[in-house]
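Protein chains in written order, with our numbering: chain Y, 1 to 137; chain W, 1001 to 1148.
Keep in mind that the hints were calculated from the coordinates and are not lab data. Cβ coordinates follow ideal geometry from the N, Cα and C atoms, glycine included. Honestly, I wouldn't trust all of these hints.
Examples of chain Y residues lying across from chain W (beta carbon under 10 Å, computed) [to be verified]:
1) THR64
2) GLN95
3) PRO97
4) LEU128
5) ILE135
6) LYS137
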Amino acid sequence: MNIISGIDITAGALSAQRMRLDIVAQNIANAETTRTEAGGPYQRQVVSFETELVKQAGGQSLQTVKVSGIAPDKTPGQQVYNPQHPDAGPDGMVQMPNVNLAYEMVDLITASRAYEANLSVAKNARNLAMKTLEIGK
Amino acid sequence: MDGEVPAGMARAVLLPCPNMIDPIFQSDNYQLSRKLLDAAALRQEAIASNIANAETPGYHRLDLAPSFAEQLRSRVAAGESVAGDDSLRPTLSEDTHARSVRPDGNSVEIEHELLAMNKNSVEYNYLADVVSNNIKQLKLAITGQGGA
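Whole structure, please, built from the sequences with the hints as guidance.
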């Protein structure tokens, strides 16, 4: 048993949400990137989570969250008419990334709220542990 | 009895101290607080798991099994001592009262969890103080000095 109860569960969730925030940042930063190493416009990346069994406590198995993978979103991006653009096709259309800023902002807020909630659990667990160490003092 | 001292008597003579201290550690309040402290620590783990899995589809929130509180209540009401009874242990179970209002079947509400965590934390602090005060009283009795 850990002195700080549940910290291993919280740690997994924190790092998973942190990874989601990183990917949102990458998507927003590349919202206008029309040329990538692989060729073609940037493709929005999506983080998927999976659960991971951490331990048994009180007759129940406790699970945490971890990143199972980062995959590109396959939906096609917008075509914009912009003949001056260096990546414009012969018809003057530019293939833009499939990043939708509204989706990214919603994801950003969801992930950061989830991160904060897990952080407050970690702080609370620490306070309990400190209180435990003060027993008898 | 001028021959050998019986084994039982020799032990009683050699180890009088545990018998004197034991009643302090077996007071009902102390034992009850210890059990409830275990329960509060376990509840903290359940809440940590609930918040970590707030977005896991199909996850049902965990909480202390209601059987622990029921057993404890009936034992205390019947005047039975819970001291040193290992059969009475807090366990976790899925909260069957929590209904899911989300399409993914997850029954965690983050506000509810955070409030439960705050409540649990106050309870934990209180119980830790009770246990702590019991030990301090023993210390006071041994040294004749209060405080630290």
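Hint check results:
A hinted interface residue such as THR64 (chain Y) counts as satisfied when its beta carbon comes closer than 10 Å to some beta carbon of chain W; here the least separation is about 5 Å, so the hint holds. Using the Cβ-Cβ criterion of 10 Å, the hint placing GLN95 (chain Y) at the interface with chain W is not satisfied: the shortest such distance is roughly 32 Å. Of the supplied interface hints, the one on PRO97 (chain Y) is violated, with its beta-carbon coming no nearer than about 25 Å to a beta-carbon of chain W, more than 10 Å. Given hint, LEU128 (chain Y) at the interface with chain W, holds; its Cβ is 5 Å from that chain's nearest Cβ, closer than 10 Å.
Because the beta carbon of ILE135 (chain Y) sits about 5 Å from the nearest beta carbon in chain W, less than 10 Å, this interface hint is met. Hint status for LYS137 (chain Y): holds, given a least beta-carbon distance of 7 Å to chain W, under 10 Å.
The structure does not agree with the numbered hints 2, 3 stated previously, though it agrees with the rest.
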